[in-house]
Amino acid sequence: MATKEDSRQFGLFRMVGGRYELSGLPASTASELFHYERLIKAVAHALYLKANPRRKRVPKGFDKGFSLRITDVRDGSVVPVLERAEEEATGQAGILVPDWFDESRRLINDALRSISSPAGGLPAGFPVETLKDFAHFGRTLRAEERFELSAIDEAVPGIVDRTSRRKLAALADMHSLEVEQVVVGQVTGLRSEPQEFDFRLPEKRIRGKYQDPTTWEHLRQFQGFGDRAPLVALSALAVCQLDGELVRIEDVYSLEAALPKQWADRIAELAALQTGWLEEDTPAISTTSLDAIETLLLALMDEGIGRPGIFPTVEGEVQLEWVTDLCDVQVRTTAHDTYELDVMQLETGEDAQSVFEINDLDGVLDELRGYLT
Amino acid sequence: MTEQEAEVPPFAADEVLWRNVHPSFWDRNNNQPSSQAFRPTPKDESRLSVARSSVVSAIDHFNDFTRNLGLESSGVWSVTVQEAEDESLGLDHDEHRLCGPHPKGHTSLLFQEHSKSQWDRIARRLRGKAMKRGRQAPPALTEAQ
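Residue numbers (numbering that gives the first Met the number 0), protein chains in the order written: chain H, 0 to 372; chain P, 0 to 144.
The reader is advised that the hints may include incorrect statements.
[As the list claims (entries may be wrong)] Keeping only pairs whose Cα atoms sit at most 35 Å apart, straight-line, the calculated DSBU-like set for lysine-lysine is:
| no. | chain 1 | residue 1 | chain 2 | residue 2 |
| --- | --- | --- | --- | --- |
| 1 | P | 103 | H | 260 |
| 2 | H | 166 | H | 49 |
| 3 | H | 55 | H | 131 |
| 4 | H | 260 | P | 131 |
| 5 | H | 131 | H | 203 |
[As the list claims (entries may be wrong)] Chain P side only, calculated, beta carbon under 7 Å to chain H, not exhaustive:
| no. | residue |
| --- | --- |
| 6 | 26 |
| 7 | 28 |
| 8 | 31 |
| 9 | 40 |
[Unchecked claim] The following residues of chain H were derived to be distant from chain P, with all beta-carbon distances above 10 Å:
| no. | residue |
| --- | --- |
| 10 | 187 |
| 11 | 306 |
| 12 | 312 |
Hints were generated in silico from the structure; no laboratory data involved.
Backbone N, C-alpha and C define an ideal beta-carbon position, used for all residues, glycine too.
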């Protein structure tokens, strides 16, 4: 077990990938370190009680003074240097309190290594009653991000990422997992009592909650122009099944238009067109078409494909148009719930058409990439 | 030949033809007209309206179209007679034969010799050429018109 003479540094903690490759420390790090500290304490409590079966609770003051401090942030992804506070060299009443916490840290690292191994189980002696606390740790991690937990004498780090979190949740017999993530969809209903809203995703509708009453006003702004709501990106605490499917939203931290203003404004212009906008019987633009194009535009933006011209069609659909030095590219929605892609080579006059189901965004993007990137 | 028809000047290959673009067919933030603005609509009966630069200037055509006739336009773009002929489009300076109000110098580009699927390709090529020249009227500062 660790002794008073050991380094005050509390293991090695490295944050890798995504936002952690940029300079600085993401604000979400604070909540992650809070959950990490809470997990350390929970496991330490469990270890103590297991070693002292006659006790029903840990001694008074067991974790008093145990807190992690970030004393430095080193280069190389993000490496926060975690240290224990000075006053906890020994605990109350002569109990070697810090030893339990250090043992807790080692066991957590062992558990992370173990669940990533082919056998995939927990190490012997790991207190399973702490698994739900464990599953909370890492909930702000995005798909491309991970935490690596190790120590000087541990060559292989334990990994916290979405995969290890799902395994932990499965081991804890949890059917769902809380994940902080950006969720894109439409606000289709909003209530102040209870503080809930209806949220439409491309494939289904879910229920959402919000804890801060002032969020109501922000959500209301995105309930839409006319009868149609624009796509909004919620930074939220989401509840997902272990396969990653979104079940509901537990809280909304912030929200903003999913598309850049100029893109969203253009969609709003098209949504506002009334029947007869061009000729007496020209139909208004269908909501289905607007929804499909908005979803496609969001995917285009994520792909880094430049903004197209966005136009209504006389059939009440929407058409996207790009003109490059080499080709003229159009994508339009149809009344048959498809995207029609049409490419005309400017030099040769050759053209090619393809049709994709409205939910086959990957197909459309694969095709467009060949011409526009 | 009537007296009015006799007044129709011949088409020169480099003569410019003005085309008003409906506001919904101009994506302002992309400064891009839609190719749909360069093909006839269902009610146009295969004829695309333009106006001749030998008869009217771009800004006068824009003002004629919007102020005198009360029609909507985001601006005037242009194609040349040569470009229209390259697409095998006929030209009909029909200003003097039209009934009801119409803009000065009105001319029709005739699409009837082509299939509907060809219209789209022709319109896209014309739009590409018009985009290279840019909007001819009104000047940017009077966009709000």
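Comparing the hints with the structure gives:
At roughly 39 Å between alpha-carbon atoms, residue 103 of chain P and residue 260 of chain H are farther apart than 35 Å, so this suggested pair is violated. Taken as a hint, the residue 166 of chain H and residue 49 of chain H pair is honoured in the structure, with Cα atoms around 24 Å apart against an allowance of 35 Å. Between residue 55 of chain H and residue 131 of chain H the CA atoms are separated by roughly 20 Å; this keeps the pair inside 35 Å, and the hint holds. Between residue 260 of chain H and residue 131 of chain P the CA atoms are separated by roughly 26 Å; this keeps the pair inside 35 Å, and the hint holds.
In summary, the hint linking residue 131 of chain H to residue 203 of chain H is supported, as the alpha carbons are separated by about 28 Å, within the 35 Å threshold. Below 7 Å, beta-carbon pairs count as interface contacts, and residue 26 of chain P has one with chain H at about 4 Å; its hint therefore holds. At its closest, the beta carbon of residue 28 of chain P sits 4 Å from a beta carbon of chain H; the interface hint therefore holds under the 7 Å criterion. Restraint check, residue 31 of chain P versus chain H: the minimum CB separation of about 4 Å is within 7 Å; hint holds.
For the restraint placing residue 40 of chain P at the interface with chain H, the shortest Cβ-Cβ distance is roughly 6 Å, inside the 7 Å limit, so the hint holds. The non-interface label for residue 187 of chain H is consistent with chain P: the shortest C-beta to C-beta separation is roughly 27 Å, beyond 10 Å. Not every Cβ of chain P is farther than 10 Å from the Cβ of residue 306 of chain H; the closest lies at roughly 6 Å, contradicting the non-interface assignment. Non-interface status of residue 312 of chain H relative to chain P is broken: a Cβ of that chain comes within 10 Å, the nearest being about 7 Å off.
The structure fails hints 1, 11, 12 (numbered hints given earlier, in ascending order).
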